[in-house]
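Participant: Given these sequences and hints, build the entire structure.
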Amino acid sequence: MANTTRLSRERCVCGTATTAEVIAGKLIVPPDSAKAVIVTGGWMRATGSADTATSVDIKDTTDTPVVAVAIAVAALIDGAVVDFDAAANVTWTTYGVAHTKGKGLQILQTTAAGGLGTTTAVDYVVRYILV
Amino acid sequence: MANTTCDGRVRCKIGRLTVAQVNASTLVLPARKGEAYVIIGGWFVATGSAGTATSVDVIDQTTHTVAVAVACSALTNGTHIPFLKSSDITWTTFGTALGSNEGVKISKTVGGGDVTTTTALDYCLEYLVVPNQA
Numbered sequence: 005m006a007n008t009t010r011l012s013r014e015r016c017v018c019g020t021a022t023t024a025e026v027i028a029g030k031l032i033v034p035p036d037s038a039k040a041v042i043v044t045g046g047w048m049r050a051t052g053s054a055d056t057a058t059s060v061d062i063k064d065t066t067d068t069p070v071v072a073v074a075i076a077v078a079a080l081i082d083g084a085v086v087d088f089d090a091a092a093n094v095t096w097t098t099y100g101v102a103h104t105k106g107k108g109l110q111i112l113q114t115t116a117a118g119g120l121g122t123t124t125a126v127d128y129v130v131r132y133i134l135v
Numbered sequence: 323m324a325n326t327t328c329d330g331r332v333r334c335k336i337g338r339l340t341v342a343q344v345n346a347s348t349l350v351l352p353a354r355k356g357e358a359y360v361i362i363g364g365w366f367v368a369t370g371s372a373g374t375a376t377s378v379d380v381i382d383q384t385t386h387t388v389a390v391a392v393a394c395s396a397l398t399n400g401t402h403i404p405f406l407k408s409s410d411i412t413w414t415t416f417g418t419a420l421g422s423n424e425g426v427k428i429s430k431t432v433g434g435g436d437v438t439t440t441t442a443l444d445y446c447l448e449y450l451v452v453p454n455q456a
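Residue numbers (this note's numbering), protein chains in the order written: chain A, 5 to 135; chain B, 323 to 456.
Because the hints were derived from the structure by calculation, they are not lab data. Note that this is a predicted model, so its numbers are computed, not measured. Even glycine gets a Cβ: it sits at the ideal position worked out from N, Cα and C. One or more of the hints may lead you astray.
[As the list claims (entries may be wrong)] Across the chosen pairs, the derived CB separations fall in these ranges: (1) B/Gly434 to A/Thr122: 28 to 36 Å; (2) A/Gly83 to B/Gly433: 17 to 25 Å; (3) B/Pro453 to A/Gly119: 29 to 37 Å; (4) B/Thr401 to A/Glu14: 35 to 43 Å; (5) B/Thr348 to A/Arg10: 33 to 41 Å; (6) B/Gly356 to A/Pro34: 18 to 26 Å; (7) B/Thr384 to A/Asp67: 45 to 53 Å; (8) B/Gln455 to A/Asp36: 20 to 28 Å; (9) A/Ala84 to B/Gly434: 18 to 26 Å; (10) B/Asn423 to A/Thr97: 34 to 42 Å; (11) A/Gly52 to B/Val432: 22 to 30 Å; (12) B/Arg331 to A/Thr95: 26 to 34 Å.
[Unchecked claim] A partial selection of chain A residues facing chain B, derived with a Cβ cut-off under 8 Å: (13) Arg13; (14) Arg15; (15) Arg49; (16) Asp82; (17) Tyr99; (18) Asp127.
Facilitator: Put into structure tokens, the structure is as follows:
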């Protein structure tokens, strides 16, 4: 993480993405041309246990989306809340660090893997700041 | 969770309730006309281990919809129990809007036995305030 201190009011976006939306990508934080988004925390909860895909990710909206945090489908068991700060099944990439200015956030499965199976929806709560 | 998206500023309410207040069900966030609360996180710490009751719940004011329930077996003296803990927590209307125009209470399991042994409960509720959901 860059040696930079960021101070901003924390916001949170929450909702539900259907499996089809997770496969295709669902915009959850729209881009702001003047701001960069930093993911600071959150959680996911699947309805129906997820399988097939590798992970469900919070990514930015660049053409080659940059991962903020990825939750392994092995942890997305029906009804279980998976904390982004959990010690297992979570991969933090551009997490607590600014994404490119002018980019939003989306919830999207790992693109290299097969489509998300079994689960019918994923609830998400994503905490972030805009800097 | 309803398939709607809520986006708002994260707010936090911290306080302490006596066990009598928990058993009586105490309002901790007041009702707001035209708005609803979304509980997104928080924690409890009991002073003295909680007994008898099944759980201590965060519920909405009138319909008693449960946002999150913390098992009393986990509320041992001085133990910090985050709502995102992987055990002892039941998430219901968590991360989604509670009742329209309703406040938020902390309560023993509605209709259940009293919380005993413990003397107080420290709480932190992390929440959003959003327009009433359809």
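Participant: Just to be careful: measuring from the Cβ of A/Arg49 to every Cβ in chain B, is the smallest value less than 8 Å?
Facilitator: It holds, given that the least Cβ distance between A/Arg49 and chain B is near 7 Å, below 8 Å.
Participant: Does A/Asp127 meet its interface restraint, that is, does its C-beta lie within less than 8 Å of any C-beta in chain B?
Facilitator: A/Asp127 check passes; min Cβ-Cβ to chain B is 4 Å, inside 8 Å.
Participant: Would you say the C-beta atoms of B/Gly434 and A/Thr122 sit inside 28 to 36 Å of each other?
Facilitator: Roughly 34 Å apart at Cβ, these two residues keep to the hinted range, so it holds.
Participant: Quick check on the hint: A/Tyr99 CB to chain B CB, less than 8 Å?
Facilitator: The hint is violated - A/Tyr99 has no Cβ within 8 Å of chain B, the shortest such distance being about 16 Å.
Participant: Could you see if the CB distance from B/Gln455 to A/Asp36 stays within 20 to 28 Å?
Facilitator: 24 Å, holds
Participant: Given the hint of 35 to 43 Å, check if B/Thr401 and A/Glu14 actually sit that far apart at their C-beta atoms.
Facilitator: 26 Å, violated
Participant: Starting from the range 26 to 34 Å, see whether the pair B/Arg331 and A/Thr95 falls in it by beta-carbon distance.
Facilitator: With a Cβ separation near 28 Å, B/Arg331 and A/Thr95 satisfy 26 to 34 Å, so the hint holds.
Participant: Holds or violated: A/Asp82 as interface residue toward chain B, Cβ cutoff 8 Å?
Facilitator: Because about 12 Å separates A/Asp82 from the closest Cβ in chain B, which is outside the 8 Å limit, the hint is violated.
Participant: In this structure, is the beta-carbon distance linking B/Pro453 and A/Gly119 contained in 29 to 37 Å?
Facilitator: Cβ of B/Pro453 to Cβ of A/Gly119: about 34 Å, so the range 29 to 37 Å holds.
Participant: Under 8 Å, Cβ to Cβ, is where A/Arg15 needs to be relative to chain B, so tell me if that hint holds or is violated.
Facilitator: 6 Å, holds
Participant: Go ahead and decide if the range 34 to 42 Å is satisfied by the Cβ distance of B/Asn423 to A/Thr97.
Facilitator: 41 Å, holds
Participant: Within 18 to 26 Å or not, the Cβ separation of A/Ala84 and B/Gly434?
Facilitator: Check passed, 24 Å falls within 18 to 26 Å.
Comparing the model with each earlier hint shows violations of hints 4, 16, 17; every other hint is respected.
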